[in-house]
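Generate the whole structure from the sequences, applying the supplied hints.
Each residue of the sequence shown is one higher than the one before, starting from 1 at the first, in this note's numbering.
In short, the hints are calculated from the structure, not lab data.
Only a predicted model underlies this, so the values are computations on that prediction, with no experimental measurement involved.
Treat the hints loosely; a few may be bogus.
Label-pair distances were calculated between CB atoms; the ranges are [said to hold, decoys possible]:
| id | residue 1 | residue 2 | range |
| --- | --- | --- | --- |
| 1 | 123 | 641 | 25 to 35 Å |
| 2 | 248 | 207 | 33 to 43 Å |
| 3 | 622 | 130 | 54 to 64 Å |
| 4 | 447 | 116 | 39 to 49 Å |
| 5 | 257 | 102 | 47 to 57 Å |
| 6 | 209 | 162 | 46 to 56 Å |
| 7 | 503 | 168 | 48 to 58 Å |
| 8 | 503 | 629 | 23 to 33 Å |
| 9 | 577 | 622 | 28 to 38 Å |
| 10 | 334 | 577 | 31 to 41 Å |
| 11 | 622 | 557 | 22 to 32 Å |
| 12 | 207 | 643 | 50 to 60 Å |
| 13 | 123 | 638 | 46 to 56 Å |
The beta-carbon is built from N, C-alpha and C at its ideal position, and this holds for glycine as well.
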Amino acid sequence: MGGTGDEAAGRPAGTGTARGTDHPAGTGTARGTGGSCGAAAGAAAREGTAGKDGGGLSRRRLGARLLALGGVLVLHAALPGAAGATGGPAERRALQGLRLRYGSARQAGLLEKHLEGVADEARRFLGPSPEHPYYAGAVVLAGRGRTIALHRALGDAVRYSDYDGRTDRVREFPAAERIAMAEDTVFDLASLTKLFTSILAVQQMERGRLELEAPVRRYLPEFTGGGKEIITVRQLLTHTSGLRSWAPFYQESTREGQLRLLWSVRPQETPGTVYRYSDLNLITLQLLLERITARTLDVLLHDEITAPLGMHRTRYNPPLSWRRVTAATEVQRPPWSGLDRGLVWGEVHDENAYALGGVAGHAGVFGTAWDLAVLARTLLDGGAYAGRRILRPASVELLFTDYNTAFPGDDHGLGFELYQHWYMGAMATPHSAGHTGFTGTSLVLDPSTDSFLILLGNSVHPVRTWRAGSAPRVAVGNRFARAVPVRTRHGGAAWFSGTAPGGSGTLTLPPLTPATDAARLRCAVWWDTVPGEGALHLEASPDGETWQALPFSTVRSTGGAPEPWPRGSAGGWSGRVWHRLEAPLTAAWAGREVHLRFRHSSTGRYAGRGIYVDVVRVAEPAGLLFTEDRPADATRLRATGWTRSPD
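Below, the structure written as structure tokens:
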């Protein structure tokens, strides 16, 4: 109950629901992936549509296609920059032994005022959110490159001793017995455990012991019946197996009974035709890994990940000596919990992981924010940290490749969730990866900015019903994304739309009268919006009252072919580069007064990094009709919902 079923409560509506295979293309209802070739084509499709970040065959496209031809070993040999220590600069630095360090916002290439705002946002949820605190305490860590520029502890690690579900009242420890949150507080990481299990699986793929597209029954012959025999390793890792979300292992008193329960589970839908987030996928993967390695998962975690990387505060089943430095979780009693354990502190919160002896593929790992930062840096550097390698660069590509293009909105790599605004906030890009944990944990990596954000909270302390959703995660993600500056070529300010969800605004030029049909509006633009829920619009009007879309094209400042936007609007992710926009004023406007405006709109619950417009000019062969560079023209711009921002 503490795993999938509860964590799903924090996910947006519609996530993890079954999607049939009989819907026509274009309806927005996803269909099956069709095996490895489907995964390859799907990954390529996502690369082509998620932000239009350049032409050619990208590493992500190439990796997905090669996967269909022979797996990780072939992929490793073929990917550019994947030849061990001779790879890219980041990888070479990692193998030279460079480690994370504390530093200033400026050293990290971040904006200090917005970075401090990350801590302010996290602190805000110590108060009513909206009625109870979201968490008793939290640790937030943010960094870019090898610099950790923010590491802050807030609130209490241990505050409540008991909870009465009948009255919704708590009993608190006396002030002298409470334990304040510290930067090195150990947390029950909950479903962040799934990331470690996934990394261990990919390591075995590297060694030739495990194939991504192989049926699970090849390694676990007991895993059959009711259609389970066609479930593949990839489908376990991407939650497309068709298995239900969870099963009550804690109701079985023996290991044999728990295994019988798993073997008896049947897919609810045909594997490959549905995305459903399920703990059973990772529990099955745990058994598979233990079978092929002859080592238990806790030993694998230590030997293959935490010991090589020096993550000495990350493990299953922490010893009793860690209890005083560990954040407490829930007061577990029926009916909100499947077990009656009282205050859970120093032991795994998830009931099934507890019943499985504290070692499970879906939950059970404890760790600190610093150790998670080490893992983040390792992955951002292609699988190596401080001279020690745990994955090849091509294997990291597999973790971050979207295999779920058949299920729009449920982008998923191997274990890692991708491009999820519902908890990443404005950090979400087509390249961002991460995961959440039901106890209040989250990790987000953004390779496009070489940044990472960790928020660890004890949000089920004292009880899971006191919080819902991912508001703190989104808030800190939005603010941290704002801390990564967007610089204009001239170094000055540009017009900025802001990042408020549901926001809108207009930036209107004074009326102009072009003499010919050769007039052009030109400017620089930068955008990052939630696909389908936010956009930059360019509009024209004869009277300033009735507006119509003005088609335009954009070209990346880094080069490439023009991209047309015939509907006069652009949205999604623009690749984190400036674009040159050009809009012709056709013969319909020659000799007539025309009003021009930029409009931004955000219609959903989440917003991206925002939209920037800079150096607006309207010219025709005879000369300039309008240019922001002229003070007299600049003063005639009317801005509503836009502000001038240098970053």
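Verification of the hints:
| no. | hint | in the structure |
| --- | --- | --- |
| 1 | 123 - 641: 25 to 35 Å | holds, 28 Å |
| 2 | 248 - 207: 33 to 43 Å | holds, 35 Å |
| 3 | 622 - 130: 54 to 64 Å | holds, 59 Å |
| 4 | 447 - 116: 39 to 49 Å | violated, 25 Å |
| 5 | 257 - 102: 47 to 57 Å | holds, 49 Å |
| 6 | 209 - 162: 46 to 56 Å | holds, 48 Å |
| 7 | 503 - 168: 48 to 58 Å | violated, 35 Å |
| 8 | 503 - 629: 23 to 33 Å | holds, 28 Å |
| 9 | 577 - 622: 28 to 38 Å | holds, 32 Å |
| 10 | 334 - 577: 31 to 41 Å | violated, 55 Å |
| 11 | 622 - 557: 22 to 32 Å | holds, 28 Å |
| 12 | 207 - 643: 50 to 60 Å | holds, 54 Å |
| 13 | 123 - 638: 46 to 56 Å | violated, 37 Å |
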